[in-house]
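K.L.:
Residue-level listing of the chains:
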Amino acid sequence: MSSTLFRATAVRSALRASAPTAAYRAGLASPTFVRGKATLPDLAYDYGALEPAISGKIMELHHKNHHQTYVTSFNNFSEQIAEAKQKEDIQAQIALQPLINFHGGGHINHTLFWENLAPTSQGGGEPPKGQLSKAINDSYGSLDALKEKFNTALAGIQGSGWAWLVQDTQTGNISIKTYANQDPVVGQFRPILGIDAWEHAYYLDYQNRKAEYFKAIWNVVNWKAAEKRLK
Amino acid sequence: MRGASRLSIALFSLLSNSFEVFASEQQPFEFGEMSAPIYTLPPLPYAYDALEPHISAQIMELHHSKHHQTYVTSLNAALKSQSEAVHTSDITSQVSLQQLIKFHAGGHINHSLFWQNLAPASSTDAESSAAPKLVKQIKSTWGNEEKFREAFKAALLGLQGSGWGWLVKVEVGQEQRLTIVTTKDQDPIVGKGEVPIFGIDMWEHAYYLQYLNGKAAYVENIWNVINWKTAEERFLGTRADAFKILKASI
Ligand SMILES: [Fe+2]
Ligand SMILES: [Fe+2]
Ligand SMILES: [Fe+2]
Chain A
1 MSSTLFRATA VRSALRASAP TAAYRAGLAS PTFVRGKATL PDLAYDYGAL
51 EPAISGKIME LHHKNHHQTY VTSFNNFSEQ IAEAKQKEDI QAQIALQPLI
101 NFHGGGHINH TLFWENLAPT SQGGGEPPKG QLSKAINDSY GSLDALKEKF
151 NTALAGIQGS GWAWLVQDTQ TGNISIKTYA NQDPVVGQFR PILGIDAWEH
201 AYYLDYQNRK AEYFKAIWNV VNWKAAEKRL K
Chain B
1 MRGASRLSIA LFSLLSNSFE VFASEQQPFE FGEMSAPIYT LPPLPYAYDA
51 LEPHISAQIM ELHHSKHHQT YVTSLNAALK SQSEAVHTSD ITSQVSLQQL
101 IKFHAGGHIN HSLFWQNLAP ASSTDAESSA APKLVKQIKS TWGNEEKFRE
151 AFKAALLGLQ GSGWGWLVKV EVGQEQRLTI VTTKDQDPIV GKGEVPIFGI
201 DMWEHAYYLQ YLNGKAAYVE NIWNVINWKT AEERFLGTRA DAFKILKASI
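Protein sequence lines, in the order shown, are assigned to chains A and B.
Quick note: full-length UniProt numbering has the first sequence finishing at residue 231, numbered continuously throughout.
Quick note: full-length UniProt numbering has the second sequence finishing at residue 250, numbered continuously throughout.
Simulated from the structure, these hints should not be mistaken for laboratory data.
Among the clues, some could well be false.
[Said to hold, decoys possible] Dumping the calculated DSS-like pairs for lysine-lysine here, alpha-carbon to alpha-carbon at most 25 Å:
| id | chain 1 | residue 1 | chain 2 | residue 2 |
| --- | --- | --- | --- | --- |
| 1 | A | Lys57 | A | Lys129 |
| 2 | A | Lys57 | B | Lys102 |
| 3 | A | Lys215 | B | Lys66 |
| 4 | B | Lys66 | B | Lys80 |
| 5 | A | Lys177 | B | Lys102 |
| 6 | A | Lys57 | B | Lys247 |
| 7 | B | Lys229 | B | Lys102 |
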């Protein structure tokens, strides 16, 4: 699609993710790459464990179908781009880059998302502590104020996308940023906490009432995972 | 079909959640003093369940009475702010409102055209024989109807994120060409010399309750409810003809 933005940094990072080591600095992810191939990571909780904020049906479709499709497509297009490189076919490589960005981004985003959610019985919704708590208070005044700003950002996304709490790798400051479609958080910014604002993430439970989803999801946010990502 | 009370309910729910930033900068809405036009939700040309089993009544009702209504309501609010910003020579506000207007106006334009380019599967309008001249040009462009559908399907399934696929008539000098165009989010087909013939909504809200992640099945099935009579009219007509539904909904 002509509107898809191609970012060199995104593609480099997505490609890097096919190596077994580099993708998850935080050390939270279960190993998701086998012999250079991306694989679907297991969830650390049951599909129904985030109810009533997110239904088991949504979680199952979202993980087993949507995320799996990103993984499969990413591997498929990674193979094609490797072939194109071997043949020194530059046109083909360029044509494949947006697909690598999209499907690789989808894989990275969802992997981080599952980790930054948790059932209330496993700490979901418990406020952040330490350095992250301090950074939030410094930048937003309070956790509630951050959530309000975050929900406004989510509601303002025009189409499919994500909102992220990110850390600027240059200044160390945290901020809220929105990303279109499956554009991943790479380059200058480090992902701390992401919320999926694609309609598939909430439609079966909330339909057009997306503001209710944005409100409810804070009850199952895993701030511990977010804390570990902050440097 | 949808009166002022429906509009004000939708407006209230909009103000109370997703539109907070924007709304907080505004005075309460006073429609009597507005100098911008007020768009309204056009009624569907068929019942909510008329496209079953290909598109469920539940999807149609939410899609029309909630999603489309929200685009209309938000467009009116953005246009009102725009006219105030023009009035007060507030050029920075005017610029910052442009993307919001484009998004919600696009949503209103796209959905208004979409409802009209669908028809119940049992209707003769849903047969491609209702569009003899258009089909002739489709055949001369893609070889046959099947190849055209394959090309359209590939374009729709290639969208990354929310968007639309359109069959568009493009006037190139004296010639009229057909082309398949995909657009992101709610970007409308409004280029010079472009006439949208029919569009297919590829936002997840258009199919998810029925097809879940099986969007290929949605794309297959929607061919059963394309309104070829409307398509032929748009193909033979002008841009202004295609967009007359929008004038009617002011
Ligand atoms: Fe998702
Ligand atoms: Fe898009
Ligand atoms: Fe739609």
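K.L.:
State for each hint whether it applies.
P.N.:
To see whether the hints hold, each was checked on the structure:
no.: 1; hint: A:Lys57 with A:Lys129; in the structure: violated, 32 Å
no.: 2; hint: A:Lys57 with B:Lys102; in the structure: violated, 35 Å
no.: 3; hint: A:Lys215 with B:Lys66; in the structure: holds, 19 Å
no.: 4; hint: B:Lys66 with B:Lys80; in the structure: holds, 21 Å
no.: 5; hint: A:Lys177 with B:Lys102; in the structure: holds, 21 Å
no.: 6; hint: A:Lys57 with B:Lys247; in the structure: violated, 42 Å
no.: 7; hint: B:Lys229 with B:Lys102; in the structure: violated, 29 Å
Hint check: violations occur at hints 1, 2, 6 and 7; the rest are consistent with the structure.
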